Amino acid sequence: MIVVGYITLNTEDNTETQTIVSEHELLEDGQNAFNEMIAEHSNTENVTMFFWGSRTSPDEYEIVAYRDNEA
Amino acid sequence: MPFYEDIKTISGNLVVDGTIEGKHVQAETITANKFSGAVEEEYRCHAGTMYLGSYNTLYNVIDFDHPATEWDIAKGRSINALINLSLFAGTSSTRTGQLTFQQELAVPNFWNPNVIAVAVHDSQPEQYWQRVVLDGNQLNKFPSNMVMAHVSGSPVYRTYKNLRLQYDYEGSELVTNGSFSGTGDWTAANGTLTTPYYGTLNGVSGSTEKAQISQAVSVTAGKKYRLKYDQPTSTTYKVIVSTSTDPDDEIEYQGGLGWVSVGGTNVREFIVDVSTVYIIIQTINAGADSAFFDNVSLKELQLKTYVDISAYPSQLINPSISSTVLYSGLTTGATAGTWVIAKQLLHTISNDNSYSKYENVPMHTYLGRFHRDIKCRLRAKHGVSSISTTALRIVNVDFTLHSRIVG
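These protein sequences, in sequence, are chains A and B. Oh and the first sequence: position 46 is 46 in our numbering, straight run, nothing missing. Count along the second sequence from 1, add 71, and you get the number used in our numbering.
Okay, chain B solo, but in the shape it has when bound:
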């Protein structure tokens, strides 16, 4: 078996009637625009002039369809609208009130709820709200309005708030005896490890080698880790993350420099491409040099998605069961033909004591990740008193209907 083969090149068309699986895909080798199916699709919609005649009456600005994605690939779907308004008050007296815009979608005859991810109970941050956490970055799977989970076999829809990502959730401690309560779990070379108050490493007088201690830690290739270590005295030392007990095998991420400690707590973050790393603590100089260190810690950094879900009358995820699959609740559970308010925008308009006033109102609605076509409409009403039925006008609305491959 050859140790190395030249990269094979396909110069013609390759038809794959199935899936392509790659164990390792080199970074920046796939260019998105080389796919014949669009990574990102964008379509237009445009509404012309119309009057919001009667006070507190909902008007259809425009009905439109958000088209299915190419090849039915699930993509993050959104509707961006820029609403251009005019208020012709016909007087310099104050005319002001609230405008309501509703981005709506029709509940289709059939809808298969889209999975977001497994959610785990985290806490109850306030009354009637439950905080849950999901592994990974799940932000783009949440629609603007609701989530759903099955409770005792029945779907339950809930509103949510405070959706956010944390990129550096610390996993469990991977270093054993990082506080140096004894000398166990560390292997010394070219010196002696003692633990009078904190870790103390003394080199051998006359030796041409630097003293070091090391500990092997199991890690996962491709994951990011946070290494912490304290320097309790003014004496510096070197920390090396290596693929063996030899400092020369330090991981590529360190750039061949190792890390020289400074007083207090030191923090480093790096990505590994191996399954075992060695945490090496080394004296700065060969011979009878000393190093003093404490609280060596290595933890995997994980992406976590947090969201607070309405918990009235009970929590969606029973804390004693601890986890459940969370779905997009875009359709709210309402029956087919009902219009879902995916996003509601309130806007105060005033003539500012002018005869006429023009304003632009942007409105963004995110529908979550799915592939199918869906019927939409924009509705609007006004609450401005003492104006004529031709005073408040939507001059035009420009929409972009966006579909984009998202994680």
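This is chain A alone, in the form it adopts within the complex:
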């Protein structure tokens, strides 16, 4: 299961929060969702990176790739 989401940085204490945007079984759906998420959230405040993850159980996922927010 592909997990796509983004990481926001709290500039006061430098802590990070991961937000899952969507999950997909099909690779193409995940890739489309990843690119759409970047387009939508590039200018969202404090978003530092967009992650591409793999869910390993209902409660756990692993970030396996990511892209910095260049905006």
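Just so you know, the hints here were simulated from the structure itself, not pulled from any lab data. Predicted model only: the values in this text are computed from it and were never measured. Hints may be right or wrong, so weigh each one.
According to the in silico footprint, chain B covers these stretches of chain A (three or more CB under 8 Å from chain B) [unchecked claim]:
1. 21 to 34
2. 53 to 61
Have a look at the derived ranges for each label pair, beta carbon to beta carbon [to be verified]:
3. A:Ala-39 <-> B:Val-189: 38 to 48 Å
4. B:Val-466 <-> A:Glu-62: 49 to 59 Å
5. A:His-24 <-> B:His-442: 30 to 40 Å
6. B:Val-189 <-> A:Glu-60: 21 to 31 Å
Glycine is no exception: its CB is placed at the ideal position from the N, C-alpha and C atoms.
Given the coordinates of chain A, assemble chain B onto it according to the supplied hints.
Below, chain B alone, put in the same frame as chain A:
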């Protein structure tokens, strides 16, 4: 047609515009360094001093390319980094926290996934994990991070764990009636085979020949086999693996000695260079000697590669379909330009109540077997509280970028 020809010698240059096929290549006759294309390539990369300034912020230590292999030969690719660190706490109070190092590679514009091998469902060792098995030694085809398979025509990437090799997976039983439930399938000579409780061979009184039974078994040249046989009493006997029913034709592996049994279960392993072997059980002495034996077994030993693949939300290989081609999942399926975390290393650093502290952290990342060039970078961040922005420093990092022909 001559039975034997002298070995021909080429004293000049031989240009082959194609492939060379050898039915038999004698062991230790090809020296790797005689190839003009390197079997093993190694390149350097070096990063100088830099500070990991802000808390919990990823820094690029260095961007570098792992060069394509010579002649585009697929080789096992790895990145070894030795990271030299210093923590100048400026106080004897405790300063400690976690360092994160990420060996990353950029997903290229085009990537043709590399085949690992056909994987077969084995078991479900724990919830959300599927154990699969692959014929042969496939260890060096797995990258550090993920594998991929096509499910209903669509690529699916999964993480994995517990990658390992078993060299002695036993194939199916090749001996018929090895438990001597009757006298069938065995041919007796110079004696009589009976099966009262276990196999019993009685020689002929006054005979100058040893009694024996034998059974022909089809095998594969070059393969390794495991022979087992029990000695149920204190009486010993001899086991000979031969290329005929004649013990004198025993396979070279035995070294002309045969194998004398001991009490209990006996186990022998050997490699054959023929397609049929004869399992011979023989009395120790000629004449009215006896032998007692049981549970004779011969099985091919096979190399198997096992790996546990993430099985959430479903198993990658449908057990009812039973097998599929497994690929390297190095790029994780992410789109071009995304950075793959090929390896993440967590390291706790502490000043140990000293003003300064130095440490070396080794980091090994294996990328699998492929030939093309790929863009890489090392990133790092720290989680050490209450230190200045010049306290934590990467003094230097020495990399070796390795490419080596692997099986």
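Right, here's what the structure says about each hint:
{"no.": "1", "hint": "21 to 34", "in the structure": "holds (count 7)"}
{"no.": "2", "hint": "53 to 61", "in the structure": "holds (count 5)"}
{"no.": "3", "hint": "A:Ala-39 <-> B:Val-189: 38 to 48 Å", "in the structure": "40 Å, holds"}
{"no.": "4", "hint": "B:Val-466 <-> A:Glu-62: 49 to 59 Å", "in the structure": "31 Å, violated"}
{"no.": "5", "hint": "A:His-24 <-> B:His-442: 30 to 40 Å", "in the structure": "31 Å, holds"}
{"no.": "6", "hint": "B:Val-189 <-> A:Glu-60: 21 to 31 Å", "in the structure": "29 Å, holds"}
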